[in-house]
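Novice: Fit chain B to the given chain A structure using the hints.
2 protein chains.
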Amino acid sequence: MHSVGQVTPQSQHFAQPLALQSGASLRDYTLVYETYGTLNEARSNAVLVCHALNASHHVAGTYAGQVNSEGWWDNLIGPGKALDTNRFFVIGVNNLGSCFGSTGPMHLNPDTGAPYGAGFPVVTVEDWVDAQARLLDALGIEQLAAVIGGSLGGMQALSWSLRYPQRLRHCIAVATAPNLSAQNIAFNEVARRAIVTDPDFHGGHYYAHGVVPKRGLRVARMIGHITYLSDDAMEAKFGRGMKGATPNYSTQDIEFEIESYLRYQGDKFSEYFDANTYLLITRALDYFDPARDFDGDLSAAFAAFSPERSRELVKALLDNRRDVSYAEIEAPHGHDAFLLDDARYHALLRACFDNIAKETK
Amino acid sequence: MHSVGQVTPQSQHFAQPLALQSGASLRDYTLVYETYGTLNEARSNAVLVCHALNASHHVAGTYAGQVNSEGWWDNLIGPGKALDTNRFFVIGVNNLGSCFGSTGPMHLNPDTGAPYGAGFPVVTVEDWVDAQARLLDALGIEQLAAVIGGSLGGMQALSWSLRYPQRLRHCIAVATAPNLSAQNIAFNEVARRAIVTDPDFHGGHYYAHGVVPKRGLRVARMIGHITYLSDDAMEAKFGRGMKGATPNYSTQDIEFEIESYLRYQGDKFSEYFDANTYLLITRALDYFDPARDFDGDLSAAFAAFSPERSRELVKALLDNRRDVSYAEIEAPHGHDAFLLDDARYHALLRACFDNIAKETK
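Same order as they appear, the protein sequences are chains A and B. Be aware that the first sequence starts at 15, since it is given in the numbering used here, and climbs by one per residue. Be aware that the second sequence starts at 15, since it is given in the numbering used here, and climbs by one per residue.
To be clear, the hints were calculated from the coordinates, so they are not data collected in a lab. Predicted, not measured: the structure shown is a model, and the values here were computed from it. Be careful, since some hints might not be right.
Pairs involving identical chains hold if they fit within one copy or between any two copies, as the list cannot separate such chains.
[Said to hold, decoys possible] As a list, the in silico SDA-like pairs of lysine to any residue whose alpha-carbon atoms are at most 25 Å apart:
| no. | residue 1 | residue 2 |
| --- | --- | --- |
| 1 | 372 | 263 |
| 2 | 372 | 38 |
| 3 | 257 | 38 |
| 4 | 228 | 277 |
| 5 | 257 | 344 |
| 6 | 372 | 89 |
| 7 | 257 | 41 |
| 8 | 329 | 284 |
| 9 | 228 | 217 |
| 10 | 329 | 180 |
| 11 | 228 | 267 |
| 12 | 372 | 54 |
| 13 | 329 | 246 |
| 14 | 251 | 263 |
Next comes chain A alone, as it looks inside the complex (with noise of 0.2 Å):
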């Protein structure tokens, strides 16, 4: 098993205008891909990677003269790997409002001269399938091996098999869920007010003022990490261990390796992730909700990207008579468990991309 090795981004300009599901379009814009292993000459052998919250599309790879450039799904895709690069033809595609290359918030509004800032519109999970659709297009490729996506990743998964049913013959859709729950909402809300109200996010248009709402992302970010880790996953690795051998007493100061932690995932991000994004992703999180163009049949809710969550899936799947298959894997390490090499799920995802290369021949 190896790397794919050294990647180079390509990007792709679309000058038609995207319609959104808000009403609102794209005037132009531009998506940042890369592409790993290579395209048959039947075009059958793709595989479309979509990404979650804070990834994009370096899925795979590394770049030249950057250490710890790694691709964030690195572990899976490559020569030998879970998803083969010798049979299968990978993309790694950024969506639309992010901040890793494709047009999103701090890029100019064609219409303005200016940065979209918070007038970049408001995207949905079906806006960037659709968005994605079209870089097919470009790219010559009519129907998809398959999708695969983790968490926010999946729910586009589940949205192109909805969307394009013709363009995909297999859909793998990790660790995601129909819709967000209540709970899962809520904290998408609380990390959104914390940016929207840092004083130095000013109102969405902080590139001109030439800062960054750097306290309100910290928080978000702390937010975001508490859920990702499990209740058990967080008490066996922190537990209450201190930072020191007795109490400083003080609200200030770093006491336990937990704020410890925190603290430096929340720094971390506010260093390279913009705040225009986050409100975007964690909104389009919040929407995805295809029951509810179908009388809301899949809509009764329990945490998010539960095991119960993803059965609901394959319930309604199976209702229709759909050719499904669902494993659940124990994960100690609670969400983000779909991002770690574990045994058991590689190999279940290798006999997947087995099955799926032979049909392509």
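Specialist: Here is chain B on its own, set in the frame of chain A:
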């Protein structure tokens, strides 16, 4: 069952310094308290009620001329109620560091003549209990019939039984835990960071600037409300309900009912609660860990305040051949259910106080 009627807070000044767990001391301080019912001749029927995060000494009854001024545990305490003021002399006391009357960060530091602000010493559950014990001295009460509290109040009740075992006959600890889990500390830490990074916090000396770090308080309270409600209760109450018939596609407007609820709670809290007090009280929660002094026997932790955490306490008490009763009541409303008047819960407490009253005669 009646209300205790109109009540009036009293206050007691202590000129003797109070030595704190941190090694610091409070030169002098005042405790505000209320009492309901009558102390019997044997002075044996007193019940102390300890409060949790945002409550106070105002446990039962109403204030003259103030509508909706019922005390926070008015459904439990009164003539004929489960904690019957015809039988018991009930004391509610406001803790040190609070913002509801007892000496706290907004009061003048006698050493400097300026408000304590961030200079108010960090107080612990044990410090609160020590201060409460002095109030009992002042009231001429040698031994309590019982100490009762829920959540952080339950921690004080537990601490009473460890620090002053001869001064109470019964300890009733509701919805509490032997210590906070990593996840609980994590939520407290995010709330504190939201407060202290609000530019209006001014390092804890915002009183001098005539401002209040409301943005931070709002976020802190929103986080709190997510943790007070169980997943299921939030889902049942709000689900994915939206304010409008169709989405507005906005990242900042309220779209979901849960957002409206959280913002309302945050706004309300920021109008009356003191930011330094919030820091102090959440820190007292974090630090509480009586097992730390006993080789950490109780410290293997899961989610705080869950039945598992209560059972840990029961096991530790049984291991020491203590007389202990444990009741587990299904409460779909989550942690704050200890404040509700669930019939089974109140019937249990009524039976418990009936037994205590019998021996008190």
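Novice: State for each hint whether it applies.
Specialist: Here is how each hint holds up against the structure:
Taking the shortest alpha-carbon separations for residue 372 and residue 263, neither the intra-copy value of 63 Å nor the inter-copy value of 43 Å comes in at or below 25 Å. In this assembly of identical chains, residue 372 and residue 38 lie within 25 Å of each other by CA distance neither inside one copy nor across copies; the values are 42 Å within and 73 Å between. For the homomeric pair residue 257 and residue 38, the shortest alpha-carbon distance between copies (21 Å) is at most 25 Å, but the shortest distance inside one copy (51 Å) is not. Both within a single protomer and between protomers do residue 228 and residue 277 lie at most 25 Å apart by alpha-carbon distance, with minima of 12 Å and 21 Å respectively.
Taking the closest pair of Cα atoms, residue 257 and residue 344 never come within 25 Å of each other, the shortest separation being 31 Å inside a single copy and 37 Å across copies. For the homomeric pair residue 372 and residue 89, the shortest alpha-carbon distance inside one copy (22 Å) is at most 25 Å, but the shortest distance between copies (68 Å) is not. Neither within a single protomer nor between protomers do residue 257 and residue 41 lie at most 25 Å apart by alpha-carbon distance, with minima of 52 Å and 30 Å respectively. Neither within a single protomer nor between protomers do residue 329 and residue 284 lie at most 25 Å apart by alpha-carbon distance, with minima of 40 Å and 44 Å respectively.
For the identical chains of this complex, residue 228 and residue 217 are neighbours both inside a copy (14 Å) and across copies (18 Å), given an alpha-carbon limit of 25 Å. In the homo-oligomer, the alpha carbons of residue 329 and residue 180 lie at most 25 Å apart inside one protomer (22 Å), although the nearest pairing across protomers, at 60 Å, exceeds that limit. Both within a single protomer and between protomers do residue 228 and residue 267 lie at most 25 Å apart by alpha-carbon distance, with minima of 19 Å and 21 Å respectively. In this homomeric assembly, residue 372 and residue 54 come within 25 Å of each other (Cα to Cα) only inside a single copy, at 14 Å, whereas the closest approach across copies is 86 Å.
Taking the closest pair of Cα atoms, residue 329 and residue 246 come within 25 Å of each other only across two copies (21 Å); inside a single copy the shortest separation is 28 Å, beyond that limit. Proximity of residue 251 to residue 263 under the C-alpha cut-off of 25 Å is restricted to the intra-copy arrangement: shortest distance 23 Å within a copy versus 39 Å between copies.
Of the numbered hints given earlier, the model fails hints 1, 2, 5, 7, 8; all others are met.
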